[in-house]
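There are 2 protein chains.
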Amino acid sequence: MAAAPTTVQLIEKHRPTLDRALDTVRSRAYWSPHPEHPKAYGQEHGSLDAAAGKAAFDALLGGRFELDQPGTVGWGGAERSPYGLDLGVEYPLVDVDVLLPAMREAMPDWAAAGPEARAAVCLEILSRINARTHEFAQAVMHTSGQAYMMAMQAGGPHAQDRGLEAVAYAYAEQTRTPERAHWSKPQGKRDPLNLDKTFTAVPRGIALVIGCNTFPTWNGYPGLFASLATGNPVLVKPHPRAVLPLALTVRIARETLAESGFDPNLVALAAEEEGSRIAATLAVRPEVRIIDYTGSTEFGDWLEANARQAQVYTEKAGVNTVVVDSTDDYRGMLANLAFSLSLYSGQMCTTPQNVLIPRGGISTDGGKKSYDEVVADLAAAVDKLLGDDARAVALLGAIVNPQVGARIDAAGGLGEVALASRQIEHPEFPGATVRTPVIVKLDGGKTDAEAAYLSECFGPVSFAVAVDSTADAVELLRRTVREKGAMTVGAYTTDADTERLVEEACLTECAQLSLNLTGGVYVNQTAAFSDFHGSGGNPAANAALCDGAFVANRFRVVEVRRQA
Amino acid sequence: MAAAPTTVQLIEKHRPTLDRALDTVRSRAYWSPHPEHPKAYGQEHGSLDAAAGKAAFDALLGGRFELDQPGTVGWGGAERSPYGLDLGVEYPLVDVDVLLPAMREAMPDWAAAGPEARAAVCLEILSRINARTHEFAQAVMHTSGQAYMMAMQAGGPHAQDRGLEAVAYAYAEQTRTPERAHWSKPQGKRDPLNLDKTFTAVPRGIALVIGCNTFPTWNGYPGLFASLATGNPVLVKPHPRAVLPLALTVRIARETLAESGFDPNLVALAAEEEGSRIAATLAVRPEVRIIDYTGSTEFGDWLEANARQAQVYTEKAGVNTVVVDSTDDYRGMLANLAFSLSLYSGQMCTTPQNVLIPRGGISTDGGKKSYDEVVADLAAAVDKLLGDDARAVALLGAIVNPQVGARIDAAGGLGEVALASRQIEHPEFPGATVRTPVIVKLDGGKTDAEAAYLSECFGPVSFAVAVDSTADAVELLRRTVREKGAMTVGAYTTDADTERLVEEACLTECAQLSLNLTGGVYVNQTAAFSDFHGSGGNPAANAALCDGAFVANRFRVVEVRRQA
Numbered sequence: 001m002a003a004a005p006t007t008v009q010l011i012e013k014h015r016p017t018l019d020r021a022l023d024t025v026r027s028r029a030y031w032s033p034h035p036e037h038p039k040a041y042g043q044e045h046g047s048l049d050a051a052a053g054k055a056a057f058d059a060l061l062g063g064r065f066e067l068d069q070p071g072t073v074g075w076g077g078a079e080r081s082p083y084g085l086d087l088g089v090e091y092p093l094v095d096v097d098v099l100l101p102a103m104r105e106a107m108p109d110w111a112a113a114g115p116e117a118r119a120a121v122c123l124e125i126l127s128r129i130n131a132r133t134h135e136f137a138q139a140v141m142h143t144s145g146q147a148y149m150m151a152m153q154a155g156g157p158h159a160q161d162r163g164l165e166a167v168a169y170a171y172a173e174q175t176r177t178p179e180r181a182h183w184s185k186p187q188g189k190r191d192p193l194n195l196d197k198t199f200t201a202v203p204r205g206i207a208l209v210i211g212c213n214t215f216p217t218w219n220g221y222p223g224l225f226a227s228l229a230t231g232n233p234v235l236v237k238p239h240p241r242a243v244l245p246l247a248l249t250v251r252i253a254r255e256t257l258a259e260s261g262f263d264p265n266l267v268a269l270a271a272e273e274e275g276s277r278i279a280a281t282l283a284v285r286p287e288v289r290i291i292d293y294t295g296s297t298e299f300g301d302w303l304e305a306n307a308r309q310a311q312v313y314t315e316k317a318g319v320n321t322v323v324v325d326s327t328d329d330y331r332g333m334l335a336n337l338a339f340s341l342s343l344y345s346g347q348m349c350t351t352p353q354n355v356l357i358p359r360g361g362i363s364t365d366g367g368k369k370s371y372d373e374v375v376a377d378l379a380a381a382v383d384k385l386l387g388d389d390a391r392a393v394a395l396l397g398a399i400v401n402p403q404v405g406a407r408i409d410a411a412g413g414l415g416e417v418a419l420a421s422r423q424i425e426h427p428e429f430p431g432a433t434v435r436t437p438v439i440v441k442l443d444g445g446k447t448d449a450e451a452a453y454l455s456e457c458f459g460p461v462s463f464a465v466a467v468d469s470t471a472d473a474v475e476l477l478r479r480t481v482r483e484k485g486a487m488t489v490g491a492y493t494t495d496a497d498t499e500r501l502v503e504e505a506c507l508t509e510c511a512q513l514s515l516n517l518t519g520g521v522y523v524n525q526t527a528a529f530s531d532f533h534g535s536g537g538n539p540a541a542n543a544a545l546c547d548g549a550f551v552a553n554r555f556r557v558v559e560v561r562r563q564a
Numbered sequence: 001m002a003a004a005p006t007t008v009q010l011i012e013k014h015r016p017t018l019d020r021a022l023d024t025v026r027s028r029a030y031w032s033p034h035p036e037h038p039k040a041y042g043q044e045h046g047s048l049d050a051a052a053g054k055a056a057f058d059a060l061l062g063g064r065f066e067l068d069q070p071g072t073v074g075w076g077g078a079e080r081s082p083y084g085l086d087l088g089v090e091y092p093l094v095d096v097d098v099l100l101p102a103m104r105e106a107m108p109d110w111a112a113a114g115p116e117a118r119a120a121v122c123l124e125i126l127s128r129i130n131a132r133t134h135e136f137a138q139a140v141m142h143t144s145g146q147a148y149m150m151a152m153q154a155g156g157p158h159a160q161d162r163g164l165e166a167v168a169y170a171y172a173e174q175t176r177t178p179e180r181a182h183w184s185k186p187q188g189k190r191d192p193l194n195l196d197k198t199f200t201a202v203p204r205g206i207a208l209v210i211g212c213n214t215f216p217t218w219n220g221y222p223g224l225f226a227s228l229a230t231g232n233p234v235l236v237k238p239h240p241r242a243v244l245p246l247a248l249t250v251r252i253a254r255e256t257l258a259e260s261g262f263d264p265n266l267v268a269l270a271a272e273e274e275g276s277r278i279a280a281t282l283a284v285r286p287e288v289r290i291i292d293y294t295g296s297t298e299f300g301d302w303l304e305a306n307a308r309q310a311q312v313y314t315e316k317a318g319v320n321t322v323v324v325d326s327t328d329d330y331r332g333m334l335a336n337l338a339f340s341l342s343l344y345s346g347q348m349c350t351t352p353q354n355v356l357i358p359r360g361g362i363s364t365d366g367g368k369k370s371y372d373e374v375v376a377d378l379a380a381a382v383d384k385l386l387g388d389d390a391r392a393v394a395l396l397g398a399i400v401n402p403q404v405g406a407r408i409d410a411a412g413g414l415g416e417v418a419l420a421s422r423q424i425e426h427p428e429f430p431g432a433t434v435r436t437p438v439i440v441k442l443d444g445g446k447t448d449a450e451a452a453y454l455s456e457c458f459g460p461v462s463f464a465v466a467v468d469s470t471a472d473a474v475e476l477l478r479r480t481v482r483e484k485g486a487m488t489v490g491a492y493t494t495d496a497d498t499e500r501l502v503e504e505a506c507l508t509e510c511a512q513l514s515l516n517l518t519g520g521v522y523v524n525q526t527a528a529f530s531d532f533h534g535s536g537g538n539p540a541a542n543a544a545l546c547d548g549a550f551v552a553n554r555f556r557v558v559e560v561r562r563q564a
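As given, the protein sequences belong to chains E and F, one line each in that order.
Be aware that the first sequence starts at 1, since it is given in the UniProt record's numbering, and climbs by one per residue.
Be aware that the second sequence starts at 1, since it is given in the UniProt record's numbering, and climbs by one per residue.
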């Protein structure tokens with residue numbers, strides 16, 4: 001259990017941050033050690049400002065991304081930025097029969113280091129990632145299609161927050177049982193029974209992180225850091241179109257581990273050429289004992305059914321609903337919803353899809369508004385928000401893949417188009433596909449409409465669903481969450497009874513609810529240390545980011561007891 | 001969230017016990033609020049002494065066990081005591097299509113009561129069970145075959161301890177996130193973003209407890225109370241030959257719930273006639289979202305593979321090993337091992353099966369002992385321990401079913417018999433089958449021997465396996481745990497290097513280790529609040545009793561956030 005000198009230094013350096021994170025997950029107040037403001041970077045030694053981050057990113061393009069990990073048998077990679085440029089980066093392709101044994105060999109020392117040393121090394125990795133936030137921003141932007149500011153924030157500090165949150169939970173869980181205990185059981189007049197006991201958190205085995213295209217770091221870091229902090233080696237299998245942000249992460253992790261006296265093979269990359277299905281192969285390897293996955297319901301369900309040797313944490317697809325009953329801030333509601341529908345072209349797992357509006361209209365601070373008026377006003381709010389092309393592209397980003405574009409084009413066939421999608425020319429990247437959201441009116445009572453609004457239509461496609469009443473909306477909300485899952489639910493109401501009904505629906509169907517958001521917080525955004533991302537209790541995800549259940553089964557506790 | 005007055009009183013009554021349990025699972029020191037001494041009962045108002053417990057048990061025999069639960073469609077039951085008497089108790093047979101909806105209806109109020117009220121009601125149930133410990137002792141004795149003292153202790157206070165431990169973990173987990181939080185995010189010169197948030201632990205759905213024959217309460221209570229304390233209704237499906245202890249538990253739980261203002265259908269019994277396979281039917285019902293199971297590996301594996309809609313916690317079979325390398329208390333070691341092999345006729349999931357001894361012998365405080373000497377001395381120690389028939393039956397109890405008897409009879413065919421099993425006449429119950437342990441010598445290097453010692457041989461059958469060296473023993477230990485699983489590992493050594501090797505093996509293979517036990521603590525016994533039962537990390541069980549992982553996924557947290 002002896003820690004290398006550098007580990008002691010890392011504990012000293014990062015313990016205050018760890019303690020603050022531990023406090024905050026208990027208080028759920030606002031906190032982050034990772035600045036959001038782009039100008040916060042480049043001020044300190046080693047931290048890159050925007051220009052330096054861009055230069056670092058540019059230097060990676062068109063080259064081989066060396067990782068010096070065992071089992072490299074070739075090079076591959078075909079990332080093309082949604083902004084139109086080929087990244088041209090080649091990553092090592094691996095022989096898993098060489099890499100996995102090397103990763104297992106790295107385990108014992110990491111396991112023996114203990115929870116505090118592991119947490120400190122994880123925080124050092126995160127702090128080095130944080131210093132290169134602008135480099136990551138470029139990498140996230142040019143793989144996910146997020147606009148730069150969003151890529152910088154969601155792909156940078158917000159992702160780092162989620163990673164730190166996972167480390168804090170993992171540390172708390174592992175230290176819940178003391179390292180040592182003395183047990184003395186009275187025996188009446190005889191001597192007590194005495195035992196000395198030790199309790200050790202032991203890792204499960206190799207953890208596999210299967211990354212997604214849209215949020216490679218934000219969705220990848222919780223599982224990666226939860227597994228690493230609990231002593232497991234982590235093999236990162238990025239989405240073939242979003243390798244670079246996770247390759248950078250793996251490189252920084254390997255450097256940090258090696259400098260801290262640990263085997264760098266505790267973190268490795270399993271890049272693939274598109275279509276190689278390496279994830280399915282890796283997922284059922286006996287060495288793989290933990291899997292974190294973000295992606296399609298189909299593959300998530302496959303993992304849950306087939307990777308039986310592993311603990312499987314999945315975030316899959318869902319259908320997010322907003323119930324519109326009434327509001328005392330009609331403009332605020334419309335602006336807030338317009339932003340939520342537009343941000344990153346609705347390509348978030350948390351973007352609302354179905355906006356349920358009573359066909360008899362709603363009451364607002366501006367008087368009664370009919371269903372048609374509400375839909376028209378929402379369409380106008382989106383139009384206004386995205387009226388200026390430069391501002392629009394900074395909000396929308398680029399369409400991540402052609403399937404999203406196809407869904408936008410097909411949406412018009414599903415119902416009456418309340419807001420048509422526009423194509424916008426990106427001023428800087430002419431190759432980018434930038435599309436504004438489409439809003440389609442659907443009648444909640446019609447069977448053909450139901451087929452549309454009860455399927456996930458990933459991308460900037462929303463349905464303004466006319467329902468008979470708010471009670472009807474709540475019933476549809478329940479059904480949607482139960483059958484299709486939901487990462488988020490929103491609701492607008494000034495009526496206490498309605499609020500209670502919606503709240504009850506979300507409590508029983510297990511969905512996270514945002515009520516009456518009209519300002520600068522949006523239903524599709526969650527903050528680490530305070531908000532849960534997903535509930536783990538409906539079909540959209542079997543885990544939440546981040547709670548005790550997310551970390552508690554990534555390790556086990558072994559007790560050794562000795563007669564004292 | 002308003003608590004009924006009685007709930008407030010229960011919180012007041014039980015909060016100190018809950019707090020002490022919460023403290024103790026953190027310190028892992030010795031503690032129990034449930035006295036072990038038989039004479040501790042009957043002193044207080046409402047608590048039954050041994051005679052009153054016997055009278056209460058006798059009054060149940062030959063009658064219908066009324067539970068007044070919905071969906072009763074008939075009566076059945078054919079329990080025959082391993083001590084030779086037919087219990088003649090009939091239990092309600094249920095129409096699950098009536099019972100399950102009634103249980104679901106009971107959920108919302110229980111969910112709304114909150115973690116503290118639920119914990120208090122659970123502690124009240126346990127305290128009423130505790131008062132009737134002697135009645136439970138009779139019920140456990142005459143279903144499991146345990147001797148009276150063991151049935152009273154393991155089936156009484158020790159089981160109640162494990163239930164309380166689960167309640168404490170459940171309470172801690174649910175209250176880890178505050179009920180309310182205010183979140184205020186600075187926005188530079190602009191006003192901060194403010195949100196008010198509530199966090200509510202919501203139950204998953206109906207929990208199914210599938211009981212076992214040998215420890216109906218001890219193995220049943222952790223899952224039952226963990227699920228109930230986290231808000232889930234619990235359907236108890238006892239082993240058809242060990243219904244009474246769990247039926248009594250269900251009745252007391254239903255009475256307590258009703259008196260506390262809750263729906264008694266939060267806890268119900270699903271008795272069956274032997275061979276009806278109701279467990280497999282219930283396990284895949286969509287309403288069933290949690291399953292706790294103790295029993296065969298075959299059905300446990302089936303549950304894990306097929307009950308995909310549920311969180312499944314299983315304790316299955318394993319092969320427990322003791323490594324004998326050296327000792328400075330040879331007599332103590334032999335006496336300790338002899339007791340472990342004899343207690344409840346070795347019918348514990350924690351009883352050692354394989355005793356690995358170097359064929360070159362071991363060093364002891366009595367000088368070098370050859371393999372043959374160690375085996376002969378162990379046989380003699382068992383013989384001495386069980387030399388007096390009255391003392392022997394009080395330790396051995398009765399053989400739980402004919403299959404165990406058949407395995408004892410077949411053991412002689414597996415190798416040289418070092419100690420033959422004797423049949424003992426029970427002085428009080430002539431119908432009881434009482435058998436002393438058999439010890440068989442096996443050569444660890446022989447393939448046909450391997451088939452024997454690498455299979456679980458449940459009951460009082462032990463193998464003294466000759467191995468080439470202690471290193472060989474540790475290697476076999478590793479392989480046994482990895483391939484077959486283990487609930488316990490024991491080791492005797494005076495050598496620090498050997499101790500380290502065994503410890504490393506247990507850490508990497510994830511098995512709970514007892515070192516050099518020579519006194520009044522035995523490898524097959526664990527104490528709630530301090531020892532983990534199983535590790536959840538080897539094939540013998542996918543969960544440990546009791547840790548964070550055992551409770552954290554029985555509920556989810558739903559957040560509601562509102563603009564402040």
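By construction, these hints were calculated from the structure, which means they are not laboratory data.
Possibly wrong hints are sitting among the right ones.
For chains that are exact copies, the list does not tell them apart, and a pair is met inside one copy or across any two.
The calculated SDA-like cross-link candidates involving lysine to any residue, where the alpha carbons are at most 25 Å apart (straight line), are [what the hints assert, rightly or not]:
{"#": "1", "residue 1": "Lys13", "residue 2": "Gly42"}
{"#": "2", "residue 1": "Lys369", "residue 2": "Glu66"}
{"#": "3", "residue 1": "Lys54", "residue 2": "Leu193"}
{"#": "4", "residue 1": "Lys189", "residue 2": "Ala335"}
{"#": "5", "residue 1": "Lys189", "residue 2": "Gly519"}
{"#": "6", "residue 1": "Lys189", "residue 2": "Thr518"}
{"#": "7", "residue 1": "Lys368", "residue 2": "Gln563"}
{"#": "8", "residue 1": "Lys39", "residue 2": "Gly114"}
{"#": "9", "residue 1": "Lys369", "residue 2": "Ala112"}
{"#": "10", "residue 1": "Lys13", "residue 2": "Asn213"}
{"#": "11", "residue 1": "Lys446", "residue 2": "Arg26"}
{"#": "12", "residue 1": "Lys54", "residue 2": "Ala449"}
{"#": "13", "residue 1": "Lys13", "residue 2": "Ser363"}
{"#": "14", "residue 1": "Lys185", "residue 2": "Arg26"}
{"#": "15", "residue 1": "Lys368", "residue 2": "Asp196"}
{"#": "16", "residue 1": "Lys185", "residue 2": "Arg562"}
Identify every previously stated hint that the structure contradicts and give their numbers, smallest first. Of the numbered hints given earlier, those the structure breaks are 2, 3, 8, 9, 10, 11, 12, 13, 15, listed in rising order.
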